[in-house]
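Protein chains in written order, with my numbering: chain A, 1 to 335; chain B, 336 to 452.
Keep in mind the hints are simulated off the structure, nothing from the lab.
Cβ coordinates follow ideal geometry from the N, Cα and C atoms, glycine included.
There may be inaccurate statements among the hints.
The calculated lysine-lysine pairs, modelled on DSSO-like cross-linking and capped at a C-alpha distance of 27 Å, are [unchecked claim]: (1) B:Lys408 <-> A:Lys271; (2) B:Lys386 <-> A:Lys29; (3) B:Lys451 <-> A:Lys52; (4) A:Lys268 <-> B:Lys408; (5) B:Lys386 <-> A:Lys156; (6) A:Lys271 <-> B:Lys386; (7) B:Lys386 <-> A:Lys52; (8) A:Lys29 <-> B:Lys408.
Under 10 Å between C-beta atoms, here's a sample of chain A residues computed to sit facing chain B [said to hold, decoys possible]: (9) Lys29; (10) Gln31; (11) Ala33; (12) Glu34; (13) Ala141; (14) Glu143; (15) Tyr148; (16) Pro270; (17) Phe273.
As a plain string of letters, each chain reads:
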Amino acid sequence: MLLGRQSWLFDNSPRIIAAAAVGGPFESKCQIAEDFDQFTSDLWMEQDSFEKAEVKLLELACAKALEKAGLKNDDINFLLSGDLDNQITSSSFAARGLHIPYLGIFSACSTSMESLALASKIVDNNGANYVMAATASHNAAAEKQFRYPTEYGAQKPPTAQWTVTGAGAVILGKQGNGPRIISATIGKVVDMGISDPFNMGAAMAPAAVDTIETHLNELNVEPDYYDLIATGDLGFTGYSIVQDLFRKKGICLKKNLYVDCGTIIYGKDPKVFSGASGCACSAIVTYGHFLNRMRRGELKRILVAATGALLSPMSYQQKESIPGIAHAVSIEYIQ
Amino acid sequence: MEQFIRAFLVGGAICAIGQVMMDVFRMTPAHTMTALVAAGAVLGGLGWYDKLVDFAGAGATTPILSFGNSLLKGALAEAEMHGLIGVLTGIFEITSAGISSAIIFGFLAALVFKPKG
Chain A
1 MLLGRQSWLF DNSPRIIAAA AVGGPFESKC QIAEDFDQFT SDLWMEQDSF
51 EKAEVKLLEL ACAKALEKAG LKNDDINFLL SGDLDNQITS SSFAARGLHI
101 PYLGIFSACS TSMESLALAS KIVDNNGANY VMAATASHNA AAEKQFRYPT
151 EYGAQKPPTA QWTVTGAGAV ILGKQGNGPR IISATIGKVV DMGISDPFNM
201 GAAMAPAAVD TIETHLNELN VEPDYYDLIA TGDLGFTGYS IVQDLFRKKG
251 ICLKKNLYVD CGTIIYGKDP KVFSGASGCA CSAIVTYGHF LNRMRRGELK
301 RILVAATGAL LSPMSYQQKE SIPGIAHAVS IEYIQ
Chain B
336 MEQFIRAFLV GGAICAIGQV MMDVFRMTPA HTMTALVAAG AVLGGLGWYD
386 KLVDFAGAGA TTPILSFGNS LLKGALAEAE MHGLIGVLTG IFEITSAGIS
436 SAIIFGFLAA LVFKPKG
C-alpha cells in the first residue's frame, strides 16, 4: 500500500528467512566481528584481482544465506544485487554462477536498502516465493576506482572514509518466524554542491535527513516509534551533520536512538579516518549486527536509511558535485 | 652542516606548501603535484629556481618543483639549437632518465610484487 508519495507499507510484511554477512581480514578485527558469518583470510581471496575477489565475497554471502535458509539456488525466484564496480560487474558475475534470475541495480552504497525495499515489494505483491537481495564492496577495488590505487599511497584528509571489504545477503519469503519488513521509503536525489570525494559523509547527510523525515511524516509516526534509526555510511563527519540538521528541523531524537552504520563497524580506529563506507557497510551492519540485536530482543523496531553517493569517477573528474540519496526500510521483530 | 640545514629548511618549506594545498585548499594529490611541477617551470623561466638550487642543494632538487624546472630547461636548450621544434623535442631531454626509470622500475616491481590493498 502506498503511503503519501513515496512510502510503501507492506500489507503482507515479508519475512527475513535468512541473512548473511561476510567480511575481509581487516573486518575480522572490527568491533562487531561476532556478527559476521565468515571472514576471508586475505584481500585477494585466492583470485588474481581485487575485482574478482569482490565477486567471491558476494558469492560467499549468497551461499551462506542459502545455507542458513536451508534453500537451494533453484528455490529463489529473483536475485536483486548491486555494487560499486563499473557497470556493477561484481553482481552480474556473481549472478552468472548462481543461476538465479537476476535484476542488477545501482544506487551506490544505498543499494542494500534499495534492493531490500524492491525485494519486499515483489514478495509482498505475490511476485515471488523467495527473493534474495545482496550487495558487496571491496576496499582496494573501490579505492582504485574512485580515488587512487592503494599502492600509490596518496594522503587522505580526516573526512575520508574506509570502504568495507565484505558482502551482505538476505533472503525474503512470505512465511516464517523471522523479522518482518514493515515499510520502505524511496529517497529523492539531494545535491548540496559538495564535490570532494573524500567527504562523502557530508554529501550524503542531507539526503538521509530528507528520507528519514519523509518516512516519519508519511508513516505518521514519531522517531520514538523506532528503537533505532540508522543511516548507512555517513561516518563521524556525516553523523554529526545529520544530528545538526535534525536539531535545526526541530526533530527531537532521544539519546542513542540515532546511529550510523559507518561509525559502528570500526569505531574510532584512526586507520579508517571518519568511519566505514561502501555498499557492504549498511548491509553487514543491518543483516549481521542489527538482526542479531533484534534476535536477542534488544531491538524491536528499526529503521535503516542506507545512504549512497551517486558519483562516477568521470563525473568527479569533470568537477561535478556529488548527489546523495537514501532509501529507508523498517524492520520489526516481535517474538 | 649549514648546507644540511639549508636543504632541510627549503625542502621542508616546499613540502609544507604542498601539504597546505591539500589540507587547506582541498586540492587532490594529482592537482597538487601538477601545480607544483608547473610552478617549478615558471620559477625556472624567471631564473629563480637555479638560484634556489645553488642555495639549498638537494632541498631544491629533490621536490617535484625541480622536475618542472628541468622540463623547462630541456625545452629552452633544444629551442636554442633547433628553434620552435626544439621545444617539443627538448622537453623531456633532461628528465628522460627519471621518467624512463620510473616506468622500467615500476614495471619490474609489478612483476615481483602484488599490491597489499
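Now the hints, each set against the structure:
Proximity of Lys408 (chain B) to Lys271 (chain A) is assessed by CA-CA distance (about 42 Å); at most 27 Å being required, the pair is judged violated. Restraint check for Lys386 (chain B) and Lys29 (chain A): the C-alpha separation of about 53 Å exceeds 27 Å, so the hint is violated. With a C-alpha separation of about 15 Å, the suggested pair Lys451 (chain B) and Lys52 (chain A) falls inside the 27 Å cut-off, and the hint holds. Of the pairs offered as hints, the one joining Lys268 (chain A) and Lys408 (chain B) is violated, with about 49 Å between alpha carbons and a cut-off of 27 Å exceeded.
Restraint check for Lys386 (chain B) and Lys156 (chain A): not satisfied, since their Cα atoms lie roughly 34 Å apart, outside the 27 Å limit. A distance of roughly 41 Å separates the Cα atoms of Lys271 (chain A) and Lys386 (chain B); the hinted pair therefore is violated under the 27 Å criterion. Between Lys386 (chain B) and Lys52 (chain A), the direct Cα distance comes to roughly 52 Å. Violation of the 27 Å bound is thereby established for this hinted pair. Distance check on the hinted pair: Lys29 (chain A) and Lys408 (chain B) sit about 53 Å apart at the alpha-carbon level, beyond 27 Å; violated.
The beta carbon of Lys29 (chain A) comes no nearer than 15 Å to any beta carbon in chain B, farther than 10 Å, and the hint placing it at the interface is violated. Against a cut-off of 10 Å between C-beta atoms, the interface hint on Gln31 (chain A) is violated, since the closest Cβ of chain B lies about 21 Å away. Contact between Ala33 (chain A) and chain B, as hinted, is not supported at the beta carbon level, the nearest pair being about 19 Å apart and thus beyond 10 Å. Interface restraint check for Glu34 (chain A): the shortest CB-CB distance to chain B comes to about 24 Å, outside 10 Å, so the restraint is violated.
With a least beta-carbon distance of about 9 Å to chain B, the hint placing Ala141 (chain A) at the interface is held under the 10 Å criterion. The interface hint given for Glu143 (chain A) holds, since its Cβ lies 8 Å from the closest Cβ of chain B, which is under the 10 Å cut-off. Of the supplied interface hints, the one on Tyr148 (chain A) holds, with its beta-carbon coming within about 7 Å of a beta-carbon of chain B, less than 10 Å. Given hint, Pro270 (chain A) at the interface with chain B, is violated; its Cβ is 17 Å from that chain's nearest Cβ, farther than 10 Å.
Among the interface hints, the one on Phe273 (chain A) is violated; its C-beta lies about 13 Å from the nearest C-beta in chain B, farther than the 10 Å criterion.
Hint violations for this structure: numbers 1, 2, 4, 5, 6, 7, 8, 9, 10, 11, 12, 16 and 17, all remaining hints satisfied.
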